[in-house]
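With chain D held as given, fit chain B onto it using these hints.
As they're listed, the protein sequences go chains D and B.
Residue numbers 1 to 484, in UniProt numbering, belong to the letters of the first sequence in order.
Residue numbers 1 to 100, in UniProt numbering, belong to the letters of the second sequence in order.
Hints in this document: simulated from the structure, not taken from any laboratory.
Values in this document were obtained by computation on a predicted structure and should not be read as measured data.
Keep in mind that the hints are not guaranteed to be accurate.
Simulated coverage check for chain D against chain B, where a stretch passes if three residues somewhere in it have a Cβ under 8 Å from a Cβ of chain B [as the list claims (entries may be wrong)]: (1) 129-136; (2) 160-171.
Here are the computed lysine to any residue pairs in the SDA-like style, where the Cα-Cα straight-line distance is at most 25 Å [stated by the list, open to error]: (3) D:K34 - B:A78; (4) D:K359 - B:N96; (5) B:K87 - B:A9; (6) B:K99 - D:N373; (7) B:K99 - D:G360; (8) B:K87 - D:L268; (9) D:K10 - D:T263; (10) D:K439 - D:N373; (11) B:K88 - D:A154; (12) B:K87 - D:R105; (13) B:K88 - D:K34; (14) B:K99 - D:K10; (15) B:K99 - D:A293; (16) D:K359 - D:W450; (17) D:K99 - B:A78; (18) B:K99 - D:D365; (19) B:K99 - D:T327; (20) B:K99 - D:I435; (21) B:K88 - D:N150.
Built from N, CA and C at the ideal position, the CB exists for glycine as well.
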Amino acid sequence: MIQFDINNLKPILPLIVLTVWAVALLLVDLFIPKERKGLTALLAAAGLALTIGFALAQTGQTGLGFNGMVVLDGFSTFLNVLLLVTGLMGISLAYGYLKRMGIERGEYYSLILFSIVGMMLMAQAADLIVVFIALELLSIPLYVLAAFANTNAASEEAGIKYFLLGAFSGGFVVYGIALVFGATQTTAIIEIAAAAQAGTANIPLMLAGSALIMVGFGFKVAAVPFHMWTPDVYQGAPTPVTAFMAAGAKIAGFAALMRVFSTAFPSLAADLTPVLAILAALTMIVGNVVAVAQTNVKRMLAYSSIAHAGYILMAFVAFGNPEVAPTAIAAGIFYLVTYAVTNFGSWGIVIALEEAEGKGLELDDYAGLGRKNPLMAAAMTVFMFSLAGIPPTLGLWGKIYLFSAVVAVDFYWLAIIGVLTSLISAFYYLRLVVIMYMKDGEPKTTSEWWLNLSWISMAAITVILSFIPAFLFGWASEAVMKLF
Amino acid sequence: MVPVTYYVALSAVLFIIGAMGVLVRRNALIIFMSVELMLNAANLAFVAFASVNNILDGQIFVFFIIAVAAAEVAVGLALIVAIFRTKKSIDVDQINMLKG
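If we strip away everything but chain B, and leave its shape as in the complex, we get:
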């Protein structure tokens, strides 16, 4: 059996890739995909911890995260579509009316 540390290390790597993606990429959709990657990293960690300790809590939490992520997608994509209609772009560097 693969030890739990491997799964947790993989989830940490996924989480960091997601966080870096949010900070580095400039396309709102890709930033959003990076956020989803962070959530899925947490899912992986939850499942790994739950199966190694034989506790169901972690697996149930994953369902909640998936459901919440779906709700976020609904709102987030609607916002991205709305802003694309106004600006004809979803590059976050061009969404810069407010500053100071």
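In isolation and in its complexed conformation, chain D is listed as follows:
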């Protein structure tokens, strides 16, 4: 009889708090009258804030739980806090929007919390079984959220497309895990690496398994050629949901990829690195080139998010080189932070301009914003500059760190493609800025307290971090140090 050790719960304490809170919120919401759903939002935000406290209290601690199923380290603490802040943004962007669009329902907030629990579990998973469960736990609420504007055909379509392709990619991940299990006779990430090193693993089978896992996660993080669902889902889903999944699902997907690949599969690096490099190159090229042709802002930002997945994938080409890998992974999570901040800011402004029935989403609807609402236009300019990587913004620093990691392992061609595609991306980001300032128009903007707070604070963070990138990069490297 195995005794249960209460210490097992310590590494996942924030997850437990958030899960209990989310379940309780689902019940409490039943007693909150329809016209006062703001209270549910406030309670959900309070739960997230409380969980951030618990997560921050774990700073510097490391440990394993449940026989090495979950792990707590600097990497997971860093990402947990980032994901919880992502959740706060998902709530503050949504509150006014849901009311305005007439889809205000309390479940939204619980679903966001459940999805974040999945994302956090993903960052803490040390066993492929847990990776799979976390993947589904984060995805299933997102399927519902994508279709949240139910009876709106576009939202339903986004939901079903996301669901069918998400389930499809889940199948690839599971089968990949099955093959890795067959090859190494274990699903624990550390033991997989040990089996590969001891030579007891069946390498071809393990390679096939890791490739299938890569395909599955490629769907989740929207890497080309597995990106077909992204523009449709991002366009059809309610805009706050799009913002939330663009940042949250990407952070969680890359977190799992970073941990699994850098811990379990370094021995396969020689075979996997070229594939990852080609994936990164394709993703950057397709995302940026197709974004140029878009006239719908949601769709343009969707392609831009595909392109950014490509940049983050660059962090993986160094994963087999033990000297460069920690810096590369730190550059990857630095880029995830910069992407999350600018992503939420720009989606926040899209929400401020969006009107009922999908109006106010074309590029020309932004004409005249510079005169009508100078502060909003200035903030959007900051986000667009940062996404394009124009000096001296935060996005530029993210790209410099990533490019130097790639150059350190002699993938010069990939760095050159990165620079060239950044130039292409500057065209469509700056086009929006030009439209805002140079064209005349009468854009209708919404002013809501929480929404304004969101995009103003994101703009402030982008500007401040632009001047002290080394500070954030120091944190990221420290977080990664504990991973290796």
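Structure of chain B alone, referenced to chain D:
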């Protein structure tokens, strides 16, 4: 005893049939059934590897997959019903409002 390669080969065939089904069929329900076939292919592989190596991990994983698949069915069928009410069709070729 049947060698483990037979089971793994069968599971690979099931997986490929499932993946092809997703790509080729146009009915949302049948696509969904094909996804389930992929998950069950993984289950078969897990059980085969677990029994040949005498490791329970694989068998336990199967329970997790079954439970997760059930949760997915709940959400997926609800989505399919919702879209059928709006569109009166679950043909994925007719679910094509968003494109470009």
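Verification of the hints:
1. Judged by the Cβ-Cβ criterion of 8 Å, the region 129-136 of chain D is covered by chain B as claimed, because 4 of its residues qualify and three suffice.
2. Using a Cβ-Cβ cut-off of 8 Å, 8 residues of the region 160-171 of chain D lie near chain B, which meets the minimum of three, so the contact claim holds.
3. Taking the CA atoms of K34 (chain D) and A78 (chain B), the gap is near 23 Å; set against the 25 Å cutoff, the hint holds.
4. For a cut-off of 25 Å, the pair hint linking K359 (chain D) to N96 (chain B) stands: about 19 Å separates their Cα positions.
5. At most 25 Å may separate the alpha-carbon atoms for a hinted pair to count; K87 (chain B) and A9 (chain B) exceed this at roughly 40 Å.
6. Under the criterion of a C-alpha separation no larger than 25 Å, the hint pairing K99 (chain B) with N373 (chain D) is inconsistent with the structure, at around 31 Å.
7. With a CA separation close to 18 Å, the supplied pair K99 (chain B) and G360 (chain D) stays within the 25 Å bound.
8. This hinted pair does not check out: K87 (chain B) and L268 (chain D) have alpha carbons roughly 47 Å apart, beyond 25 Å.
9. For the suggested pair K10 (chain D) and T263 (chain D), the alpha carbons sit about 23 Å apart, so the restraint of at most 25 Å is met.
10. The suggested pairing of K439 (chain D) with N373 (chain D) holds, with an alpha-carbon distance near 14 Å, which does not exceed 25 Å.
11. Our distance criterion of 25 Å between C-alpha atoms is met by K88 (chain B) and A154 (chain D), whose separation comes to about 15 Å.
12. Restraint check for K87 (chain B) and R105 (chain D): the C-alpha separation of about 23 Å stays at or below 25 Å, so the hint holds.
13. The straight-line distance between the Cα atoms of K88 (chain B) and K34 (chain D) is roughly 30 Å, outside the 25 Å bound, and the hint therefore fails.
14. Under the criterion of a C-alpha separation no larger than 25 Å, the hint pairing K99 (chain B) with K10 (chain D) is inconsistent with the structure, at around 47 Å.
15. For the proposed pair K99 (chain B) and A293 (chain D), the alpha carbon gap of about 13 Å is at most 25 Å, so the pair holds.
16. Proposed proximity of K359 (chain D) and W450 (chain D) is supported: the alpha carbons are some 22 Å apart, at most 25 Å.
17. Only pairs whose Cα atoms come within 25 Å are accepted, and K99 (chain D) paired with A78 (chain B) is accepted, the gap being roughly 24 Å.
18. Distance restraint check for K99 (chain B) and D365 (chain D): the Cα-Cα separation of roughly 20 Å lies within the 25 Å cut-off, and the hinted pair is therefore satisfied.
19. About 39 Å separates the Cα atoms of K99 (chain B) and T327 (chain D), which puts this hinted pair outside 25 Å; it is violated.
20. Distance hint between K99 (chain B) and I435 (chain D) is fulfilled; the C-alpha atoms sit about 24 Å from each other, no more than 25 Å.
21. Straight-line distance between C-alpha atoms of K88 (chain B) and N150 (chain D) comes to about 15 Å, which keeps the hinted pair within the 25 Å bound.
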